[in-house]
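Here the protein sequences line up with chains A and B, keeping their order. All the letters of the first sequence, read from the start, carry residue numbers 13 to 305 under my numbering. All the letters of the second sequence, read from the start, carry residue numbers 49 to 284 under my numbering.
Hints listed in this document are in silico derivations from the structure and should not be mistaken for laboratory results. Be aware that a few hints might be false.
Capping the alpha-carbon separation at 27 angstroms, the derived lysine-lysine pairs in BS3-like fashion look like this [said to hold, decoys possible]: (1) B:Lys240 to B:Lys260; (2) B:Lys54 to B:Lys68; (3) B:Lys95 to B:Lys140; (4) B:Lys192 to B:Lys213; (5) B:Lys95 to B:Lys194; (6) B:Lys127 to A:Lys220; (7) B:Lys127 to B:Lys260; (8) A:Lys17 to A:Lys220; (9) B:Lys260 to B:Lys194; (10) B:Lys194 to B:Lys68; (11) A:Lys17 to B:Lys194; (12) B:Lys213 to B:Lys240; (13) B:Lys68 to B:Lys140; (14) B:Lys187 to B:Lys213; (15) B:Lys95 to B:Lys187; (16) A:Lys17 to B:Lys187; (17) B:Lys140 to B:Lys54; (18) A:Lys17 to B:Lys95; (19) B:Lys192 to A:Lys17; (20) A:Lys17 to B:Lys68; (21) B:Lys127 to B:Lys95; (22) A:Lys17 to B:Lys213; (23) A:Lys220 to B:Lys140; (24) A:Lys17 to A:Lys85; (25) B:Lys95 to B:Lys68; (26) B:Lys213 to B:Lys127; (27) B:Lys187 to B:Lys140; (28) B:Lys260 to B:Lys187; (29) B:Lys54 to A:Lys220; (30) B:Lys240 to A:Lys220.
Partial pick of chain B residues on the chain A-facing surface, computed with a CB cut under 8 angstroms [unchecked claim]: (31) Glu100; (32) Thr104; (33) Arg114; (34) Leu123; (35) Lys127; (36) Ile150; (37) Pro151; (38) Phe154.
Glycine residues also receive a C-beta, built at the ideal position from the N, C-alpha and C atoms.
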Amino acid sequence: MYFLKAALLGIRRRLLSSLLLVVGSSSILLAMAAIGLWSNWLLQQNENMKAHRSVAIFVDSRNDSDVEDVLTKIMQVKGVDSARIISTEEFQSFLSQHFPDLAAAVDGLGLDIIPRSLEVFFSKDIHYFERLETVRTLEGLSGVQRVDDGMDRMASALTSIRWLGLGGYFLLFSLYGVFLFVCVGHYQNLLYSEAQELSLVRSFGATKFMIVLPWIFEGFFQSVAVGLVVGVSLLGGKTYLLEVYNQFFGTVGYDPFHFEFTNLLLIIFASMILSFLAHLFSSGLALLRWRLH
Amino acid sequence: MRVSLKQVTKAYHQNSLVLKNLNLDLAEGGFLFVAGDSGAGKTSLLKLIVGEEFPTSGTVTCGGIRLIEGAGSSLQIRKRIGVVHQDYRLMKERTVFENVAIPLFFGRHGRSTKPLNFMGSAALRLTEEVLQSLGLSTKLLDAKVKELSGGEQQRIAIARALINKPDLLVADEPTGSLDHDHTWTVMDLFQKLNIQGMTVIVATHDRDIIRKVRKPTLHLSAGSVRVDERDGACIF
Ligand SMILES: Nc1ncnc2c1ncn2[C@@H]1O[C@H](COP(=O)(O)OP(=O)(O)OP(=O)(O)O)[C@@H](O)[C@H]1O
Ligand SMILES: [Mg+2]
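Looking at chain B on its own, in the form it has when it is part of the complex (with noise of 0.2 angstroms):
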């Protein structure tokens, strides 16, 4: 899905602007990184991606639909947007299974338009299989998500974003909770469905992963961008 932003301003209070002049251009089947200290509007960047915020001027164009608050025409973007968040928001009283296959109920499976009717074994196989490719067991499907290390809680985030199959994942900081070799699996996983077709936008502090990845960097700070462009998806 392929995400722009133009002439992109943010700013919360009138005058502390988080983001200014803001362009970007990211093709269908991209991935970006989003570095930048903490403050510097890594998550704001990413709530005006998804449609959670909206710019205070400039304009957020997903999948060549335009994001205007109020307007019900990015609920059909959000369908095919998975969102990793940095604060997880899991339901903390709700098993793993039933945090993991809400999307499929509300939202769409892969390229198809509908919502599927997924009664018990459809949404029971696909949780199991997108636990699993991120090592996660199947025998957490019935644990309730407080009961969860913050590590797996962090993998059930990513689960539920990946379930749906969306076109553009969403990533905010997905690996902050992770040890090493997790984080490994997660990050492989990721790439793996760039290589797919997925469009990736992950936010990290990880320097380790940036330089190890080799891909399009966007750093923020302080209201100013800097640009690492490593392969031609990326066009700022």
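Just chain A, same shape as in the assembly (with noise of 0.2 angstroms):
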């Protein structure tokens, strides 16, 4: 077929330029997957922890029993849904992870002057005011000493932490933008360095859609070799990926992100066809302004 044939000689004549977009482009593509991804674990990671939301509860007592008493009367406290008794092992290890300065002095100090706490889960349905009102609750019961709620602190965490995730979907756009702008420059350089030829082929009788036709196989191409690319490295650099993802979010108590198959094809998939929408795109707009008698 005479148009296919056109666009691997085009390929072949451009082969440098076609590379140069190849790999242009994956790049582009490839900071999206990266923003997308993060944005999306962002924004779903905000659901979760409204969802999932628990409070820390320090009983006046190191004894046993006492905490024991106090689990117990919180259970029967509406609103919540379960609740744990936290070993001063965990909250230890707990306090080394996040706060390894303070936990050397508290293991200098000896275990004694570690509070005992439980963690609180409240029912998953919970209203706001609901929610409130369970605090409250939890605060007036006897041997508890004082109860973590951090709910504000948490609530301007989460706002901004969505503001970031929405800031990451924008820069997305943005960055589509750039790859169109790109996109049309590639076809404008190559209407100028092709008008001869293309000139000629129109004093043929060719139509437009004959002189773009050849353009969209190739660019048919090329994007294919980008949903490629960006495949290859996401897969490649994906442990590296979840490593600076981890490392910053892990701490502040995140689940992990992950990552699976399905949203790799889902990315390729993606990829390929936002290429393939800028190639017709640029081509298309590159004829439309193109002036041919």
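Join the two chains into one complex using the hints; note that each chain is given alone, in its own frame.
Structure below.
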């Protein structure tokens, strides 16, 4: 088929610029994929944290039976889903993980000063006001020294994370804009460098569609290449990516970021489609803007 | 294909007329020479006829369709016209086959209305035929055009114009780079195709050709027109 062959010839003749475009598009789409995953995950975390909120309760005694008393009382409070006793070892390891300096100091002083605490989980579908009510009831229980809610702190963290996530999506669109810009430039160049040949072909009665068809094929091949490059790079950079993400957010107590195979396929597919759409759009635009007799 | 120009004036700049009030009516199957000194406007006239340029005033009609700038209608007409440009306009980095066969993929062939689906062999066979009719070896098929001599390139340009079996051939100095024998191979072929029904317009400097072929001739000189009418095919 002539147009297919013309497309292959076109790629061969412009190998360098084609390669550059593939590399450029792949990097942009790769960045888009990374940002997209990240934003998506952040927003998802946001949802999760809203849904599975818990509070820590400190007990004013270090006696095991006192702590268990408090636990039975807590379990009867309306709005509480479950509760568990945090062992001193667990508390210590939490400290040494998140506040190593403090943990060292505590270690020096011996186990006695570590307060006994419980973790209380609310019912999943609890409303904001019910939740406040529950926290107040918990604070009123005898034997409870302090309820570490941190709702306000969390609330502000949650909004900022939300904005971060949304900002990521915005960045995503901007990057696609950049991609389109590069693509439009590419076809503008192509038109310029091939102007003579195109007007020749035009003089044989070629329609605009006939002129753009080899470009469409070329764009398709390039998009497939871009999808593959993105897929391979993501697969290769996966471990590194996860490490970076989890270093940042693992400490804050977020779920570890995971990345599934279906996600990868989705990204490869989306990259191909986004790239192909950009090619279609830019080649069409270039041709529309070109004055043909 | 009938070609008619009515009161055609062409000016590239405001106060220099290249063609002035030119009337021309070439019947289908006619043969016309366009003669004149360098700069007389031969190329300009041919460009008007193939729709590459448009008149400043007046009308150009080819095959019953008026050529208007920006109107897609001329696209259909172009498929039926074979053009030999004075500067050849070949794709120098491409092979002879690619150059000669290219109209087959975009235009149409002979009387059929659609471009034929030329998978490999059909296009190759037609290309070989047209090269042979112009005295070119089929060994040249895979050579790059830039590796050919000037005369060979000129005949490649002619082959490309003829491969579609056009209804109208417009040739601008088609023998300018050819030796005597090849000039006559080309002119004999044009005459043969003309007898088979193709309308032919040839611009040339070569008085020898005009004298021997004995066809109507349009003499252009700086805006004015003189006509030698030798058979009835041409009315001015
Ligand atoms: N695109 C253009 N823009 C401005 N002036 C032009 C253009 N094309 C041709 N001319 C002018 O029109 C005049 C006629 O040019 P044309 O090419 O038609 O001559 P010609 O008869 O074909 O000459 P030659 O025998 O040298 O090919 C010349 O004076 C030329 O400078
Ligand atoms: Mg000329």
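Go through the numbered hints given earlier and state which of them the structure violates, listing their numbers in rising order.
As far as the earlier hints go, 7, 9, 10, 13, 15, 17, 18, 20, 24, 28, 29, 30, 32, 33 are violated by this structure, in ascending order.
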